[in-house]
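Undergrad: Order-wise, the sequence lines are chains X and U. Numbering-wise, our numbering puts 126 at position 126 of the first sequence, and it's gapless, one number per residue. Numbering-wise, our numbering puts 156 at position 156 of the second sequence, and it's gapless, one number per residue.
Keep in mind that a hint or two might mislead.
The list makes no distinction among identical chains, and a pair is therefore deemed to hold if it is satisfied within one copy or across any two copies.
[Claimed, not checked] Distance condition first, Cα-Cα at most 30 Å in a straight line; then the derived BS3-like pairs of lysine-lysine:
#1 Lys68 - Lys20
#2 Lys134 - Lys73
#3 Lys60 - Lys124
#4 Lys134 - Lys76
#5 Lys24 - Lys76
#6 Lys76 - Lys2
#7 Lys73 - Lys20
#8 Lys131 - Lys76
The set of hints was computed from the structure by calculation and includes no laboratory data.
Protein chains: 2
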Amino acid sequence: MKVLAIDPGYGRCGIAVVEKENGKEILIYSSCVETPATSEFPERLAIVADECARLLREYKPGALVLEKLYITKNQKTAMRVAEVRGALISAAARAGVPISEYTPSEVKAAVTGNGRADKHAVTKILHALVKIEKEIKHDDEYDAIAIAVTHLARVRH
Amino acid sequence: MKVLAIDPGYGRCGIAVVEKENGKEILIYSSCVETPATSEFPERLAIVADECARLLREYKPGALVLEKLYITKNQKTAMRVAEVRGALISAAARAGVPISEYTPSEVKAAVTGNGRADKHAVTKILHALVKIEKEIKHDDEYDAIAIAVTHLARVRH
Numbered sequence: 001m002k003v004l005a006i007d008p009g010y011g012r013c014g015i016a017v018v019e020k021e022n023g024k025e026i027l028i029y030s031s032c033v034e035t036p037a038t039s040e041f042p043e044r045l046a047i048v049a050d051e052c053a054r055l056l057r058e059y060k061p062g063a064l065v066l067e068k069l070y071i072t073k074n075q076k077t078a079m080r081v082a083e084v085r086g087a088l089i090s091a092a093a094r095a096g097v098p099i100s101e102y103t104p105s106e107v108k109a110a111v112t113g114n115g116r117a118d119k120h121a122v123t124k125i126l127h128a129l130v131k132i133e134k135e136i137k138h139d140d141e142y143d144a145i146a147i148a149v150t151h152l153a154r155v156r157h
Numbered sequence: 001m002k003v004l005a006i007d008p009g010y011g012r013c014g015i016a017v018v019e020k021e022n023g024k025e026i027l028i029y030s031s032c033v034e035t036p037a038t039s040e041f042p043e044r045l046a047i048v049a050d051e052c053a054r055l056l057r058e059y060k061p062g063a064l065v066l067e068k069l070y071i072t073k074n075q076k077t078a079m080r081v082a083e084v085r086g087a088l089i090s091a092a093a094r095a096g097v098p099i100s101e102y103t104p105s106e107v108k109a110a111v112t113g114n115g116r117a118d119k120h121a122v123t124k125i126l127h128a129l130v131k132i133e134k135e136i137k138h139d140d141e142y143d144a145i146a147i148a149v150t151h152l153a154r155v156r157h
């Protein structure tokens, strides 16, 4: 079971491909896609969507897993992030890949057992749970890895 | 100047292609895409996005024009509609077609001069402004025509 997990964003977007083999999660790929703040929103969205489409082709994951966020302080940002999510959902639907979504507190609870865990606690547990053989440079990558782990813990293999 | 205007939705989605020729708007195409309520959201989103991609190829519009909605009572529905918008923006960006967005009150104000005009007033004025030679079956089509008219009134030709 291999999943492509994305923490959607149009400025920075965390991406991870995680595989579960014999009960152990292995990080296959991770990155943080950054888009130029000087570009128009549709261009930034297209950069993220194209990268998602490329990874769907390259890794052929069994699921696309996204973080969903319904309630937020900044309504306009939330809408833009939802638009990015829609572009990713569309790319996965086109590739015939099923989509699952989890809220931030579902992710924290699944990884640490505590829906209000801080970033440091999540990162520490991820290194214990997942075989990570590369240096992780961006927090957004950890976010994506956590989303992948959440899904892999929930589904039957 | 030809535009593809869409009133985004995942249950019903109004679509119109309107062309401005010698100062007169002509309705080239309109439809209301309906998706099965029994389908999963990603499938419904893909139906709408694929239809948008098809119309971009067929009519080669100079712009994709969307209604944007930031504030609403139902946050979850608003997010789902934003996701549809993102899939459409992604399709247009992929086709190299620029995107414009207008709020419902901008559309009403542009068409009727009154940001709080009712549906009946908007429909009546649309028939005066636009050459419409087909029977319009769905209100959603009028919404899309109004969005197109708003954009055509704003841009220089």
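Undergrad: Please name the hints from earlier in the document that this structure breaks, with their numbers sorted from lowest to highest.
TA: Those not satisfied are hints 2, 4, 5, 7, 8.
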